[in-house]
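These protein sequence lines are chains G and L, in that order. Going by numbering that gives the first Met the number 0, the first sequence opens with residue 0, and the numbers climb by one from there. Going by numbering that gives the first Met the number 0, the second sequence opens with residue 0, and the numbers climb by one from there.
Check before you lean on any hint, since a few could be wrong.
As the list claims (entries may be wrong) - The calculated lysine-lysine pairs, modelled on PhoX-like cross-linking and capped at a C-alpha distance of 20 Å, are: (1) K389(L) - K280(G); (2) K280(G) - K13(G); (3) K40(L) - K283(G); (4) K155(L) - K283(G); (5) K39(L) - K5(G).
What the hints contain is simulated information worked out from the structure, not anything from laboratory work.
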Amino acid sequence: MEIDYKLLIEYVRKNIKFIFIFTLLTTFLGFLSLLTETPKYDVSTVITANIEDDNNGLGSSGIVQNLIGGSPKKAFIYEFEQTIYSLDVAKRLDEKENLLFRIFEDFYDEETKSYVEIKNLNAVLKKIKFWFYGIEYKLVPNYFMLRDYLKGSVGIDYDEFSGLITISSLTSNPHETQEMIKILLRETDNSFKEIDKINTNAKIDYLYAELSKNKEVNQIAAISSILQSELLKKSLIDSRADYKFRTVRGFEMSEFPVYPNFMFIIMLWAFFGFFGSSAYKLFKFILNIPRD
Amino acid sequence: MLYDIFVDVYYFDTPLIFLLSELSNFFFCLIILCVLYYFKKLKFQEFIFWALGFLSIILLAVTVVGPDMFPDSGGYLRCVRDLRDNFSFDEYACQGTITGDSELFQFLGFKRSLPAVLFFIIPIPSIASIISLGFINKIYLLGLYIFIRSKLSDDKSRFYLLILFFLPTLLLYSATGLREIIILTIQSVLLFTIIERKLIISTIFFLLLASIKVQNAAVMLVLYAGIFLFRSHKSYFHLIIFLISFLITTLVFQEQILYVINYFRLGFLNEMKLLPPGGIMTKFESIPSMILNSPLVFLKGILSPGLGLSALNIVFFPETILLIIWFVWGAWYTKYFSDSLNCLVFIVFYIGIVLNFIVVENDATFLRYRFTFVYLLMFHLLLMVDKKRKLLVSDGL
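Take the sequences, apply the hints, and build the full model.
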């Protein structure tokens, strides 16, 4: 058979009706799917690091960051992202707000006073994935799941230039989510405090020990100076409500539901129909091409 | 290129949207395959292989490649979206992760923007999910396959090439939105244009590579200079002259070269939080000692990280062993080291592995950086195997 692009175009032209009808059909399906979706609102707040007051905290890591091109703000964003989604914060949220139960209430069995196994597609896929890594994964709600839930429902977006961090969530229950993010931020700050407190206390103990050992005036003066700054840092940790970051813009809720995005979903279904039907017809066409 | 302006990226937690988005992309790729098959650029078996390859992006996304596995892929996605919406983008704002790198060593500074432009010129239907760019990567890989395939005349060599494109490493990295496949594509085309001594086109591809990944371009410069300036392909004498000149140059600029190597090492150690006080930083202080230690480093680099990184290495390590056996067989079959050009290509591979191994601390990152050099060597080996087969056929053996 002769290879001619005109033949291909002619074939597509002949089947354009099928492609068009199929695309319309999937678009209509998309419209129907939109009716079943729950509207979701965007809830967000903007925070930034308390850098200017925290020179003590930057220390050697700040120097390293500057040396290789980073900035304290950039370092904070990294630190913040690691902390807000840490198991420590998830655990704190559960201990103080009983969040694990609030999120996975449906899986709690009152009779046995324990959680039952989650059986949905995501959980099964996760089990397969962990099996692949050689880990036996139990599908009952735990802190890892709570962390995953937080990661999935609370997003972080940052502007490296200004150092502003936007915390946002798409939710069908905006007021409750707003409260959850507030608590999440509070516990993230508490987690920062706890870690810094442990580090600072260890440094202070070490410096006191060094101070008692040394007899040379210059060394005593130097150690005293470092000790003073560490004690100042300790008092900051204890006294400040907003320790590592402060709110730049309070919580705001979108005026209208941003999900589902009507145009996006309709277009997605239409694209699916168009490319799917085109691929199907072309595949059928090439199957009938006689080859040597 | 469709995406939701209100949602950063979709993933499998919204399965319907994720599948609609990625299946649309899959159908788009299937159309490309159908057209290529129609115009006899692919055989039916190849068509099936590649269709499965495109489908594997979705399967890998669901099972192996999690949303957090390659966080920097989000940066390229944002660049592509910005390019689509505004036809320009803020290079700095596109960066999705904090890697602590600096623009100091960025030649031309197109590290993120050029891959974004290259991603942008393939108009896939949807860029709504984190793995959408994987389809563009796969299309580039298909282009590379057709390019290399056209250089091979023997059916068996073409089959080997097909197998090579479906080994786990390439399958994994071509299913993500990273720039590694673009780097591999440019680097491979550069290799072929250099060995065919096409100066202008090689220079263009060299500049492209230098603007995306200056480290790889620095390694490829050895091949570029070796062929175009010293004509090392002519004889071993030319090659030795080149190597002596290369050695003298590196010794003259020892301080600057070591500064760059130590700088990158510092960056990677920082990424792994291995800098003092938590860790130690051993600086490289002499090129001759690095050269003397390099054979051991090379062997470690080839076999690293063994079976130690994660369960994924149960797949990657046997692949490494398979490639080593494949190379040893191919080198024996083609008398690979009897030609000065082949030796030079191997030296480039050697330098690539050694430099990456001494600089990169993270095993997963090293694997990611290494595979472009491994596949480069294997593509060249296949070319040699094909030449040998052609020779045997023409001799009637």
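Worksheet item: Between K39(L) and K5(G), is the straight-line Cα distance small enough, at 20 Å or below?
Response: holds (15 Å)
Fill in: Hint consistency between K389(L) and K280(G) [alpha-carbon to alpha-carbon, up to 20 Å]
Given that 20 Å is the threshold and the Cα spacing comes to 39 Å, the pair is violated.
Worksheet item: Is K40(L) within 20 Å of K283(G), Cα to Cα?
Response: Answer holds: K40(L) to K283(G) is near 18 Å, not above 20 Å.
Discussion item. Please verify whether K280(G) and K13(G) have alpha carbons no more than 20 Å apart.
Written reply: At roughly 10 Å apart (the allowed maximum being 20 Å), K13(G) and K280(G) satisfy the hint.
Discussion item. K155(L) and K283(G) were given as a pair; does the straight-line alpha-carbon distance stay at or below 20 Å?
Written reply: violated (29 Å)
Violated hints, listed in ascending order, are 1 and 4; each of the other numbered hints is respected by the structure.
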